[in-house]
Structure formats: structure tokens, C-alpha cells
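As you go down the protein sequences, you meet chains A and B in turn. Note that numbering that gives the first Met the number 0 gives residue 268 to position 269 of the first sequence, counting from 1, and the numbers run on in steps of one. Note that numbering that gives the first Met the number 0 gives residue 68 to position 69 of the second sequence, counting from 1, and the numbers run on in steps of one.
Mixed in with the good hints, there may be bad ones.
Straight line, CA to CA, 25 Å or less: simulated BS3-like cross-link-like pairs of lysine-lysine [stated by the list, open to error]:
| hint | chain 1 | residue 1 | chain 2 | residue 2 |
| --- | --- | --- | --- | --- |
| 1 | A | LYS173 | B | LYS53 |
| 2 | A | LYS104 | B | LYS53 |
| 3 | B | LYS61 | A | LYS23 |
| 4 | A | LYS104 | B | LYS308 |
| 5 | A | LYS61 | B | LYS173 |
| 6 | B | LYS173 | B | LYS308 |
| 7 | A | LYS61 | B | LYS308 |
| 8 | B | LYS61 | A | LYS61 |
| 9 | A | LYS61 | B | LYS104 |
| 10 | A | LYS173 | B | LYS173 |
| 11 | B | LYS61 | A | LYS28 |
| 12 | A | LYS253 | A | LYS173 |
| 13 | A | LYS279 | A | LYS248 |
| 14 | A | LYS109 | A | LYS53 |
| 15 | A | LYS28 | B | LYS28 |
| 16 | A | LYS53 | B | LYS104 |
| 17 | B | LYS173 | A | LYS109 |
Sample of chain B residues facing chain A (criterion: CB under 10 Å; computed from the structure) [claimed, not checked]:
| hint | residue |
| --- | --- |
| 18 | CYS22 |
| 19 | ARG125 |
| 20 | SER127 |
| 21 | ARG137 |
| 22 | SER199 |
FYI, nobody ran anything at the bench for these hints, they're computed from the structure. Note that the structure is a prediction, hence the values are computed from the model and not measured. Where a beta carbon is used, it is the ideal one built from N, C-alpha and C, also for glycine.
2 protein chains.
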Amino acid sequence: MEETNLNQTIRCIVKLGGAAITCKNELEKINEENLETVSSQLRQAMNLGSCSNKVIGMDWSKRDGVSDISSSLADSDDQCQFTVDFSRFVVVHGAGSFGHFQASKSGVHKGGLNQPLVKAGFVATRISVTTLNLEIVRALAREGIPSIGMSPYSCGWTTSERNVASADLSGVAKAIHSGFIPVLHGDAVLDDRLGCTILSGDVIIRHLAEHLRPEYVVFLTDVSGVYDRPPTDPNAVLLREIAVDEDGKWSVVKPTPQSLNKQVEITVAAHDTTGGMVTKISEAALIAKLGIDVYIVKAATSHSLKALKGELRHNIPDDWLGTVIRFSR
Amino acid sequence: MEETNLNQTIRCIVKLGGAAITCKNELEKINEENLETVSSQLRQAMNLGSCSNKVIGMDWSKRDGVSDISSSLADSDDQCQFTVDFSRFVVVHGAGSFGHFQASKSGVHKGGLNQPLVKAGFVATRISVTTLNLEIVRALAREGIPSIGMSPYSCGWTTSERNVASADLSGVAKAIHSGFIPVLHGDAVLDDRLGCTILSGDVIIRHLAEHLRPEYVVFLTDVSGVYDRPPTDPNAVLLREIAVDEDGKWSVVKPTPQSLNKQVEITVAAHDTTGGMVTKISEAALIAKLGIDVYIVKAATSHSLKALKGELRHNIPDDWLGTVIRFSR
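Extracted from the complex, chain A is given alone in its bound form:
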């Protein structure tokens, strides 16, 4: 890894949660409306201060239902007024309803590449997640974001018992340096112990955050943030601020502990065993421990736009809905 290349300021790493950009309950279906809004918000956030400039569409490929691919090029002769310089972001997305069926049907995450079904599932999973990656790259490109799909498998990410064993970040750094926005994703990868496994978008985010040291990290999800119990529970309380100490321990700062009764805390623990809430906070806490603010917020809302723009760094408005996880000495 060329460490020197990593010495450039990355403004933000964004996770597009699978549940936020795909339709959870429908196989391989993109939530087009959300994806379009998320892409537009990303462009606004990356392009601060020059929002009056026109953008040049960068997806010139055929689309279902769109007959003329050159329409996005209509005014491209007058290049000077176009903005193609964006602040440095890295996008990582989850799989949502892509890849999940293929991975769970074959057990790719458990390894065993010598089994025909696992090997087939590995190939099938990669086809599904790279299909989603291509669609997200295209959606961003249509907004004029110079996005470049970078599959972790192809970029040399491997694991050892599911922990990142190698990840050549020089390619990501080079893309950023050239003015592109790398778009990575949860992927099926080779594991030197298990043969293969699934590398999740969240683990990728943490690894990137550790090495690229962005100013802040945003998780776009399908709910307003982290709750004290499943958000479908009518009594669920949104945890607005979580503090992480030097040992990586986290505690709820807002709402105040007094307002969260003991029964609630038990519910948190119970929820954890089903794998979810606390696992997510733990990953975010590891990033926050580096001194990097983490915002978990509902995608395609006014709240997510504020988070993406970095407006929350110094002051969090009372009416902002979401969870902030930050380091406190």
C-alpha cells in the first residue's frame, strides 16, 4: 500500500444501507425513488458552494424506457460551466435484496469453496451485488457525480476468519486523487481460513475509516437512527446521542439516562442477541473512537441532507432526527 497516497483529506465516507436503497421484501428490486433522492443529496453535499453550476450527466448508457441516450449530453459543448470537481467522498453500499438470497441459499459466508453449491453461490452472489453496484454507480453518474465502481473482491480485499486480511487501498486513494468517487460494496471474498465468506459493507466502512480518516461518517438507513428497541415497537425511543470512551465503551447521552428506565435497558440487551442494534452501534463506536463523528440517519430526508453536508459537526439542531455517535474523552 502506498501510504503517501492516503495523505489526502477525505471529507466523508457514506454507507448507503441496503434497506434504504432496495426494496427489502422484493428480490433484486431497487428503491428507485430513494436512490434518486440519495444521489441528489450526495451531489449537493459534495458540491458545496457551487450549487448553481450545471452538472454534466455521466451515464450515457441505454436505460429501460429511455430511448435517447445522448440526451444527457445535450449541452455538453459548452463545457466550461460544468462542475465536475467534488469534495472527497467514498461511497459504500450494502446489499439489501441483492445477494442475500444467493448467499443464504448457498452458505457462502460459512466458506467451503470446494463444495459445488458454495462455489456456485459465490459466483451468483457476486453477480447479484455487482448488478446493484452498477445501478448505484449509474444513479450517481446521472447526477453528475464521477462515480467509479470498485468491487472489493476485484480490488484485492481478502479476509481471514471474516476479519479483513488484505485490502489494497492504493486503488481507492488513486481514484480519489484523480477526482473520482469510489463506490464499494459488501461482497463475497476469499478467506484464507474458510475459503470464502461475505465481507459486509459495515466492516468495509470501518476499515476505510481507519485508513482514510474522513472528517465524518454517515450511515443512511431506513429508520431515523438507533432506537432503544426495535423501531417497530410503538414505545421505541430514538437515541439521539451516544458517547464513546477511550475503551470503546458507549453510553447514551441523549435522551438522558434518567429518562430511559431500566426496563428499556433490558430490551436493548434482548434485541442484541438477535444480532442487530448493539452490533451496529459497536461498529460505529469503533469509528467514533478514532475521533470521527458518526451520524446514523434516515435516507432521503432533510435530516440526511444535513448530515451529508457536515452541518452537524459543530451544532446539532434540536429538531434534527438521527443518532450521533462521537468520541468523548
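Knowing the structure of chain A, use the given hints to seat chain B on it.
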């Protein structure tokens, strides 16, 4: 690059010519029939000696017009009878009617990433060629070939004034070692002098051949091989065998030089200046000079199947249609 990983016998590197697998005159249109036949022939060639075994389909994603994605999994419970072990091939494909419009409209091959149109064209070109790559990976996977798309850009290929400057082949070697068939393609890449350029599939093939030393190389095209003048000319003669000497000079062995009159030789030269024939032979000659037989043959024919299977290595039947380029001391 871990050179040790490259010490494995690669049987064949195949180039799927853009003209053979796409419809040349229709933007971003795949020649489905040819691609299906090519994929089937590749499976037969990779799977010598166990052709009676069933294959397991590896594309489990949704397809237009196919409602049930799990149909390819119908019998997958009985895994033992499935063949997923293939001899070592690497597939490289051209762009054909994908990428060409985007690249030529923006001049990506000439570089200049700081120009908005070039930057947009770089993104648009990559979207188009990776769309084709995904479709080819899917077609191969449907035939049960454990194919893995590996974009040269993502894999760290860069150029210096259009010559390969860096190409980390350890990822390709690792994929092969794990029993996968890497599928690379002509791509837009970063160039350390020009900013960016187009890296052609033919240059990728030559670089791979030099480092992976396959037993033979097959170019699948839309004509029967190399002719002495444009194959659309009714007097065009198929050059059946070309010998390459130690200096890289090539000469036609079959048909015998006597049967090719002087006027024909002039036509070859004239054709060259328009960029095509001799350039193609030159690339192939550089591979042949390594002692690796090169077969240029029409895709999806009985002749291409023979070439892919390696049947021509010791004896070329008189009725075989195609061009052999080989080293002669």
C-alpha cells in the same frame, strides 16, 4: 506481485472479440445467440473428459423474461454429480458496441481528465463496458462456468502513454487458484502521462500471456481469421498459417507465398495503414514469439470449438478454417 502464485499452468487465454459477441451497428446490443454458443463451447473446452456430468447454473439473478430465478437451482440438493472443476482459462473480452460511443464522444483515449467532458466520458465508458462484462459473466455462469468479473481499472491496471505501467496479476492468479475463471475486458484506465486512456483487450491479452504463459491463446472474431485484404473483398484469401521468427518478423506459410501474388502483398500494406489487419497480426506475433500458439477463428463455429479445446496443437486438419500464428525457429 506474488510471482509464486503465477506458477500454475494456465491452459488457455481466450479473447472474445467485441464484434463477435455484440451487434456492431446497434448501440449496446449483445449478440445473444453468439454469446450463448460461445459460452457453451467454452464450457465444453474447459471441461474436457467429464462432459457427461451435469453443470450447476451459477447465475441466480433475475433476468428479463425469466420469472423464476431459482429454476437453475432445481436439482442442486444432489450436489455430488455436479462439475465445478474446470481447466484453467482466462477470458478477456472487447467492447464492441459497448463503450465505443462513450469513448469516442469524449476522447477518453487521448487523456485530459481535467476536462469535464473527458472525465464524464471516462465514467460513462466504464459504466458501459462493465455492463457488458456483467452480461458476459452471467452468460458464462449460466453455463456453469465459475466466472468472476475483474475490471482492469479496479484490479489496478494503469498505463504510461498507453503501455501497461502496472497490473497486479496476483488477484487474477488467486482467482484462478481458487478455481474461478477471471473475466477481464478492455477498460478506461488512469495513465500517468495522459491522465487517462483506453486499455484495449488485445493489449491485456498480450500482457497476461507474457506473465501467465498459457499453453495457447484463442482470438474469437466475427470472420474466419486473418485475410490478405479486407474479408469483404471477394478476392480475399484466408491466411491459414503465419510463422513468427525470433526477431518477431512474421511471414505467411500457408497458403504458400507463390500462390499469393505481389498485388496481394501490396493490399496487405494498404490495409495496414487504416489500422487493423497487420496491427492485429503484430499483437498475435508478440504472443507467438513466446512459443505460445495463437488461433484466430470465427466465434461460435465448429472451428472455434476445435481451437478452444486445444485440438490444433499437434495437428491442424485440412478442413479447419482459421489462422494459426506460431513461433518457428
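Each hint, compared with the structure:
1. A:LYS173 with B:LYS53: 44 Å, violated
2. A:LYS104 with B:LYS53: Satisfied, since the Cα-Cα distance of roughly 20 Å is no more than 25 Å.
3. B:LYS61 with A:LYS23: 15 Å, holds
4. A:LYS104 with B:LYS308: Since the Cα atoms of LYS104 (chain A) and LYS308 (chain B) sit roughly 33 Å apart, the hinted pair is violated (cutoff 25 Å).
5. A:LYS61 with B:LYS173: The given pair, whose Cα atoms are some 34 Å apart, is violated under the 25 Å limit.
6. B:LYS173 with B:LYS308: 24 Å, holds
7. A:LYS61 with B:LYS308: Cα-Cα ~36 Å, so violated.
8. B:LYS61 with A:LYS61: 19 Å, holds
9. A:LYS61 with B:LYS104: Measuring from Cα to Cα gives roughly 15 Å; hence the hint holds.
10. A:LYS173 with B:LYS173: Holds: LYS173 (chain A) and LYS173 (chain B) sit about 23 Å apart, inside 25 Å.
11. B:LYS61 with A:LYS28: 10 Å, holds
12. A:LYS253 with A:LYS173: 40 Å, violated
13. A:LYS279 with A:LYS248: 13 Å, holds
14. A:LYS109 with A:LYS53: 48 Å, violated
15. A:LYS28 with B:LYS28: 23 Å, holds
16. A:LYS53 with B:LYS104: At roughly 20 Å apart (the allowed maximum being 25 Å), LYS104 (chain B) and LYS53 (chain A) satisfy the hint.
17. B:LYS173 with A:LYS109: Holds, because 20 Å separates the two Cα atoms, which is no more than 25 Å.
18. CYS22: Where the cut-off is 10 Å and the nearest Cβ of chain A is about 13 Å from CYS22 (chain B), the hint is violated.
19. ARG125: Constraint on ARG125 (chain B) satisfied, holds at 6 Å.
20. SER127: 5 Å, holds
21. ARG137: 6 Å, holds
22. SER199: With a closest approach of 19 Å, the SER199 (chain B) hint is violated.
Of the numbered hints stated above, those contradicted by the structure are hints 1, 4, 5, 7, 12, 14, 18 and 22, listed in ascending order.
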